[in-house]
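*Asks:* Given next are the chains, with one letter for each unit.
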Amino acid sequence: MSETLKKQNSKPRLELLNITKQYPGCLANDQICMTLMPGEIHALLGENGAGKSTLVKTIYGVVSPDSGQILWDGHEVDIKSPSKARDLGIGMVFQHFSLFETLTVAQNIELCLSPAQLVAIGNLAERITKLSQDYGLNVDPNRYVHSLSIGERQRVEIMRCLVQSVKLLILDEPTSVLTPQEVAGLFDVLRQLSDEGCSILFISHKLHEVTEICHNATILRGGKFVGDCQPAQETPATIAKMMVGDLAEQDAGYEKAYGEDVIFSAHSLNLAAKHPFGTSLKNINFELLKGEILGIAGVAGNGQEELMSIISGEDNRSLKGVFTLDDQDLGTLSAGARRRNGLAYVPEERLGRGAVPEMSLSENTLLTHSRGFVKSGLVNWKAVKSYAKQLISQYNVKCHGEFSEAKSLSGGNLQKFIMGREIGQNPKVLICAHPTWGVDVGAALAIHQALLALRDQGAAILLISEDIDELFLLADRMAAVCDGHLSPVVRTEKTSIDQIGQWMAGTFINANDSAEATA
Amino acid sequence: MIRVQARTEPSTLMTFASPLLAIMLTLIFGSILFSALDKDPIQALHVLLVLPLSDAYNISEMLVKMGPLLLCAVGLSLCYRANMWNIGAEGQLLAGALGGSAVALMFVDSESFMAMPLTLLGGILSGMAWAAIPTYLKVKFNSNLILTTIMLNYIALYLLIWAVHGPLRDPDGFGFPESALFSDATLLPVLSDSGRVHLGVVLAVLLALFAWFILSKTHLGFKIRVYGADEPAATYAGYNAKGISWFVMLFAGALAGLAGVSEVAGPIGQLTPNISPGYGYSAIIVAYLGRLHPAGAIIASVFLAILYMGGDLAQIEMGIPIAVVGMFQGVLLFFLLACDFFIRYRVVSSRENMA
Chain A
1 MSETLKKQNS KPRLELLNIT KQYPGCLAND QICMTLMPGE IHALLGENGA
51 GKSTLVKTIY GVVSPDSGQI LWDGHEVDIK SPSKARDLGI GMVFQHFSLF
101 ETLTVAQNIE LCLSPAQLVA IGNLAERITK LSQDYGLNVD PNRYVHSLSI
151 GERQRVEIMR CLVQSVKLLI LDEPTSVLTP QEVAGLFDVL RQLSDEGCSI
201 LFISHKLHEV TEICHNATIL RGGKFVGDCQ PAQETPATIA KMMVGDLAEQ
251 DAGYEKAYGE DVIFSAHSLN LAAKHPFGTS LKNINFELLK GEILGIAGVA
301 GNGQEELMSI ISGEDNRSLK GVFTLDDQDL GTLSAGARRR NGLAYVPEER
351 LGRGAVPEMS LSENTLLTHS RGFVKSGLVN WKAVKSYAKQ LISQYNVKCH
401 GEFSEAKSLS GGNLQKFIMG REIGQNPKVL ICAHPTWGVD VGAALAIHQA
451 LLALRDQGAA ILLISEDIDE LFLLADRMAA VCDGHLSPVV RTEKTSIDQI
501 GQWMAGTFIN ANDSAEATA
Chain B
1001 MIRVQARTEP STLMTFASPL LAIMLTLIFG SILFSALDKD PIQALHVLLV
1051 LPLSDAYNIS EMLVKMGPLL LCAVGLSLCY RANMWNIGAE GQLLAGALGG
1101 SAVALMFVDS ESFMAMPLTL LGGILSGMAW AAIPTYLKVK FNSNLILTTI
1151 MLNYIALYLL IWAVHGPLRD PDGFGFPESA LFSDATLLPV LSDSGRVHLG
1201 VVLAVLLALF AWFILSKTHL GFKIRVYGAD EPAATYAGYN AKGISWFVML
1251 FAGALAGLAG VSEVAGPIGQ LTPNISPGYG YSAIIVAYLG RLHPAGAIIA
1301 SVFLAILYMG GDLAQIEMGI PIAVVGMFQG VLLFFLLACD FFIRYRVVSS
1351 RENMA
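Protein chains in written order, with my numbering: chain A, 1 to 519; chain B, 1001 to 1355.
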């Protein structure tokens, strides 16, 4: 930060002047201006669809703007392609990594270097090792990518940028896949880069991270520039206000609730992975109580998907005596029968699983909610339509009407709709996966309140999320999964982000095994 | 510079314009083809497409060909809606003809009023049984439905040929590979004296409307549409995938079987080795031309029936080989699939200099 202030008189590293990009039917960027100084960590904030991705893709040469200028170190440049961007010293780490799993770290990095760069570097492995030590990245050039964790892969992506002597590093939601400890490590690296004069453009949904690390922030809404701020002098709530526009009350703390009666339980659930890259579930035991939210934390791919699909019945392997719902053996029933017994499910993918993209919202209502709408095999479409309209207004789903196709809705609005549909079935147990993933602040608030209202009606909710803040906000009890093991379940107020973070990394596994051995 | 660009949403206009465009292109292609054969293209197209509708007799013959096409296509539409790639309508049709004939031959000397209904039932059940084989293999072993249904088409054909050479051959038929003529009590009633339009054609239209009703009004039809549009969503919603597969396949088998038995107990009146000029295959084109919608299939089956009729007439009137009909059908499907590309994509001429 002091670095930045000292360099106030120096030239900006990057200036965007009136960048405009029109897509068919959508003005993605409207006259956006932004300035980045050397060494500045700059946040780019906005709801989904605010135009953040288009703007960074413009800087990285993936998208060419319709009008506007880009100045690099004071000179106008025309960034026609990502390779041009890399030549200038712009590096980008995408949300979804682009690494070849069957190649080593060094080979992956070599792939994106030009022959001239390779000659300049000389011994690439040595360079990687050196940089790895300098920045504490802990990246071994000879390891195969498939053997690396998600956090390590991200560091390889960052290394790929560092090798090219990056002057501007763009990170698209870099923390969404990391454990809290990994996030802290990433921030150390970013601070070090910043001190050395590298500019960083940081896209995130997590406002407390922005206030923690960013010097400045640019806020977009609906493709337009709406303001900038110094996050250190703001709170997450005031930034959220700027992003959403109206005075959406931020999620503050909610009352915790503790149920007593067990409604659902899983006993020694062991399940081999169905796919070669799946995770086997290992001796999972837990109970869900009426009127509570049980939150399960974990980095993606540690068995969450498998756990949800075996509970919901999507994974149609029959398990006797493993799941009990209201004293009934659930594990032998089909997915449809489990629904009829009071199990509802909000899946991770909204479009293509939670809703049929090409079907209208009323058809998507009938997808899982047929009770009362089907008589002797015939659908009462009139009743379905009016109920869909009711859901749309009750959950404030922004769309043209119940005839709108699911795919025409934004992610947040579709999620509100799906959430409303599942809650509307008055489930005894709701399984809910990543309810606010990629959802804007306003919709997330509405979804949180809907979940809490359902809990207060006495339903049990199994909340599976990678967003640890959300889990602490909503869950009454918490656990974590790692490599198919489930940690002990604790009351949320009796644990800490630190402990859950360690459980996400699997520290409980050996302790558990030895505890069982002695028991 | 001209580029192909994905549309943000599928074009409704192109969904309906695509079949018409494909027909236009097919006609243009046909004109070139006829010119190359030294035939007057205008006259050829006239014979092929207009003459079949020129008088009551031709129209009734056209309707006779429409019946089996429509029955098969309606069943296939439902299958394709549910992502069941059933190419086996031809085999199911032949099985229906064979099974129906076996029943009909028990009533050769009978006047029983049960003869006709039992014959139809025999055909329907045989078609269903033939469809059940690949369905079982698919549901149980996840075998490739396209391959198994195609192979069963050939098995059905040779089974039928074996039957007319063997057990079902007319003992008084001087060794010709044909069954005995069915009794009048077995034959489907003809609607008017002037033509050969029979009950089967009426049943075909009614069943198409029934299938429309299933798809749009029933929960089962809704599940079929969900299953075809988005299988993960159907699994998520807990729909019974096996049940849906069985339903659409047996429904298609029943309809194709009815088409087969309606041919032998209708215009043909006996079992012969050549009861289908490939109706089961042409029905695939009908189903796609009709946008996998039973009502669309009615219109599309009329068009293909005209083409079949016109092919016969063109052979008689102008000496154009009958293979031209098959060629026309193939080209039509080709253009249709090509035009369907533009439902999801469009061509734009960009002013941007891409260099």
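Among the clues, some could well be false.
[What the hints assert, rightly or not] Simulated crosslink set (BS3-like; lysine-lysine; CA at most 30 Å straight-line):
1. Lys398/A with Lys1140/B
2. Lys389/A with Lys1217/B
3. Lys282/A with Lys1140/B
Calculated directly from the structure, the hints in this document are not laboratory data.
These figures come from a predicted structure and were not determined experimentally.
*Asks:* Check whether the Cα positions of Lys282/A and Lys1140/B lie no farther apart than 30 Å.
*Replies:* At roughly 29 Å apart (the allowed maximum being 30 Å), Lys1140/B and Lys282/A satisfy the hint.
*Asks:* Given the hint that Lys398/A pairs with Lys1140/B, test it: the Cα-Cα distance must not exceed 30 Å.
*Replies:* violated (44 Å)
*Asks:* Hey, Lys389/A versus Lys1217/B, does the alpha-carbon distance stay inside 30 Å?
*Replies:* Satisfied, since the Cα-Cα distance of roughly 20 Å is no more than 30 Å.
In summary, the one numbered hint that this structure violates is 1.
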